Structure formats: structure tokens, C-alpha cells
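Protein chains: 2
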Amino acid sequence: MIAVDWGGSRLRAYRLDGQGNVLASRQGAWGALECGQRFDEVLVATLGDWDDSAVVMCGMIGARGGWHEMPYLACPIGIDEIARGLQRLPGGTSDGRDAWLVPGLRCAEGNATPDVMRGEESQLAALLDAMPAGEFRVCLPGTHCKWVRVRDGRILGFSTSMTGEVYALLRHRSVLGRLMPAGDDALDGDAFDLGLERARSPGGLLRHVFEVRTAALFDRLPPSSLSSFLSGLLIGHELRGTLEGSSAGRGPVHLVGSQQTLEPYARALARQGMEVERHAEDLVARGLHGIWARRASSP
Amino acid sequence: MIAVDWGGSRLRAYRLDGQGNVLASRQGAWGALECGQRFDEVLVATLGDWDDSAVVMCGMIGARGGWHEMPYLACPIGIDEIARGLQRLPGGTSDGRDAWLVPGLRCAEGNATPDVMRGEESQLAALLDAMPAGEFRVCLPGTHCKWVRVRDGRILGFSTSMTGEVYALLRHRSVLGRLMPAGDDALDGDAFDLGLERARSPGGLLRHVFEVRTAALFDRLPPSSLSSFLSGLLIGHELRGTLEGSSAGRGPVHLVGSQQTLEPYARALARQGMEVERHAEDLVARGLHGIWARRASSP
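Listed in order, the protein sequences are those of chains A and B. Take the first sequence: its letter number 263 is residue 263 in the working numbering, and every next letter is one higher. Take the second sequence: its letter number 91 is residue 91 in the working numbering, and every next letter is one higher.
Bear in mind the hints are in silico, worked out from the structure with no lab data behind them. Zero decoy hints are in this set.
Chain B regions said to be covered by chain A (calculated; three or more residues, Cβ under 8 Å): (1) 154 to 166; (2) 170 to 182; (3) 237 to 245.
Example chain A residues on the side facing chain B (calculated, C-beta under 8 Å, incomplete): (4) S159; (5) S161; (6) E165; (7) V175; (8) G203; (9) A215; (10) R220.
Some chain A residues near chain B, calculated using beta-carbon distances under 7 Å: (11) T113; (12) M162; (13) T163; (14) L169; (15) R207; (16) V209; (17) F218.
Source: prediction; values computed, not measured. Beta carbons are placed, not taken as given, at the ideal position from N, Cα and C, and that holds for glycine.
Take these sequences, add in the hints, and give me the full structure.
Written out as C-alpha cells, the structure is:
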């Protein structure tokens, strides 16, 4: 089968063997929100000569305005129930494949309106299969970072923080970004830690971020360290808003993402005395395989 | 004399009589950060046929990278000391006027690095002259909102919140902005109040702003009300970060700005049981006149 993680700005396809091992992977040209509704054309071009007949997709491709709108299933939920929620894409693809979509999840954990995820449930499916009994916390950093509580193979609930998107806006589009050199942001651990520390003080995020500017103005930090300070401020506020007053769970926090994305989270959690265990983001392929393997016989 | 409020993105010039009354006002073509260092050319074109010989300027025009870098004077400070800090622009303008710049202010009120202002001190100067004895709080909303404590004619300290800039980024550049109709944002009082209320709950700003998206997804708010909800969330967090644990001062909160800018702040403060008094933003002209009138004889 072929597993497809098709988010708003990115398409990744994985060709899997019968045990869910990745044989090959490809990056598509367009995210689900960027391709102007040319979903079939983009997918067919990406899969090309892979001759597998089944395609299982997760992510924004199943959102309203995506290829085929999928419901949000309520938490708590386990993999079997997610698998029962798979839906077949009407008509399949133009190159004759059977395509399936994974539902999204919603939960009402302490929120006025339910929180939602699309795509992360498939990464979580891979973790759930491998975890021992007990309650754990999983963090999936990104544009919209998800913090998830899981217990005994079920997803209990989660919350979303817009940390990645707010960072990108302040880094590249704000008056703060003008103070920072262009190019990749290397993590300056000391400046990052300073941001974490400031985030624990009174004043709130909207005041704290202005300190990126004054730190530059009064030469407290070199320009190349300002992005790390900003990152520390934001992740510090995210941890404060997410961990305070919430049950801790046992064992390490499970972090899912690329090496570069996880580095600041692992550092921030370590400074709070929390253990972490890292997982590569392509575990989504194994998760989609697990969901697919458990589906009821197709309708 | 001519009073000039020259911020990063805006130039406003006022022609004043001997008592500081505004005879005429003009908007210049370029802000101080937009004009590519052509400060003299832009100012001369703006002032045109006004034949006054003295020009007094405040704002980002005195920042590093502006026309002539002015120091930040330390708080607490009164108008006389600000007036003594006026500096003459070397060489004047190319059309033969004497030009002066007002210094900025800094304060270390509970911050790791000093906070700063440029321009707002000249608006405050007008208020200080008119206020009775006692301690007051002044709020100057905008891209970077300033909250100022004043007492007996002196500026004690202040803090900056990036509320306006973060609102603009999330409104126009984020995934949340795509959910909102284009055009002017009319204030929906109920949606705004809902945002204020959510801001008082646990979770933090980075989580709360994602609720703009879920409120749209689950039809809790119509698209035209989402910007008001976002505004309520941000101003609610600003008030929480600014007012909590800070001495309240007596009497109303003095709000300085345009009618449209002040409306949500007046509403948010009223809902916390605080009285407000509004002041138009062009009081900067009277403030610059007051500073100019009190200057020591020119060097």
C-alpha cells in the first residue's frame, strides 16, 4: 500500500511493504491548501510508477475545502475506532487506485469549542501500538503544535498551540525580524534559556516578545541570538499554558518531529526536569499502515 | 512653530500658533523607516509653504537608523527634563529651518532589559500639563501599545505590549486571517467580550488564538465576528499581563488614540469596572509645543 501524509503545505508519500516497512518515499509538489483543488492531478503525478492499488491518506486533504471532507471523531478514541472511520474516496483516482481517507479527531478538553487535529492521529497510531500500558504525554511540534494525552492505547485528549506559526510571523514579518540576520536560525542555547526564564515571569507574552527588540537595542544579545531568545519565549509560554494544572502522566514526554524541530522542545523540557523520548516524523507511514491493517472489510 | 510626529510608518506635521493651538495639519508621504534615509527631502516637501522657522520632531525619526539618533532618557522624568534633552539637528533643514528632536524615554520597570518609547513621551507631555496631582494610568494603543504610570506631572514608568502588531499579523498573514472576510473589521461586542473572557481562563495566548479557528470550524461564530473574537483574546491577554500585580492608580485610565483604536480598549476596561477618559491622538502637537516652550535657551 501507499501511505500519504498530505498537509496544508506539504505532501509526503511512502511506499510500504506488507509489514509496513518503508520501501521508498517521495515528496509531492503541492500542499493540500496550495494546489488549487487539483488534488487528483497532484497525487497521480507524485505516485507515478508505483503500482500499488491502495492509497491511504491523512492530513488537511480531508479538511473542508480539501479533496473529500472527513468528520472529526471524538476522543477518547483508539486505533480500531479510527480504522472503522476510514472512508473510500468516491471514484478513486484517475489512474485507477483505491484511495482512502483517515478521519480527523476532536476533543473538548477544557475548551469552549472542541480542539481538532488532522494528520497527527496517524502519527499517534504508530506510537500507540508500541507503547506499554500507562498514561503518557506526546508532543508533536510544528506550525500548530499538538500536546496529546494517551493512556493504554487510547488518545484521551489534546490541545493545540499556534507556537510555530506565531514564531514564523514574528521571525519573518514583524519589526523583530528586521533585527535578525537572514538565513537559517542556529539554536543559541543560552539565549533560548533566557527566553524560557523570561516566559516564567509576570507580564505575559505580548510584553515579553517586545524584549527581543530592547535586548537588541541595548546590546544584551547579538543579532544572531535574537531568534533563539524569541523561540525560548514562545516555547516557554507554550509549556506554561500546556503543562500548568494538567496531569503529568508517567514516564518521558514523547516528542515527534524532525531533529531540528525537536531540539528546542527537548531542551526546554529537560530544563523543567522532564525526560523526553524522540521519534522521527516519518512514523506517520507506520501509523497509516496500522490503521489500514485494522480496517473492517471494505464496504 | 511646527510640530512633527514622525513615526516608523507615518509623518504628521502641525502648524501651531504661539499658544500651541493647531492652525493646520498635513500628512507626509513617508514614515521614518520607509523613506530610504531621504529625511530632509520628505520633510521639506511636507512643510512646503509654511514659513515657520522652528520645527520640533518626535518619534522614530530620532531612532538609530533615523535622521539623528537621540538618547533614551531614564524615567522617572518630567517635562522640564525632556525639554532640556532637546537636540538641534546639525545643519538644520535644506530650506533653512531650525529643526529639533525630542529624546526618547527608557525605564527598567520589572524588566530584564529597559523598555523604551519614542513619540509617546510627547503625547504624554500634553496630558501631564493638564492633569491634577495624583497617580494615573495612561494607555496609548497602537502597533506597540504603551501602558504608562504618571504621578504629579512625572512619568514614572511604562511597559510595551506588541498587541497591535500581533493582531495585524494574525489577522492578515496567518491561517486565522483566511477565515475572516476581507475589508474593515467592525467591532462585534459579543464576540469581543467572549475573547476577553477566554483570555482570563487557563491555557495561555498561544492556545487561545487557535480557538478562532475552531470557533469557525464548529460554527460558534460567523466569519464576520472572528476578528472581534481575536481582538478580545489579545486585548484580554494584554490587560492580564499589564494590570495584574501592578498598582492601580486613582481615577480613570486615560486612553490616547483614534476613536477606532480606543473603542475596544474602552470596552475591555469598562468590563473590568474601570473608568476611562479618552484623548485624541493629535494632542501630540500640544505636547511638542509644551516641550519646546520649556526648553532652556538654545545652545
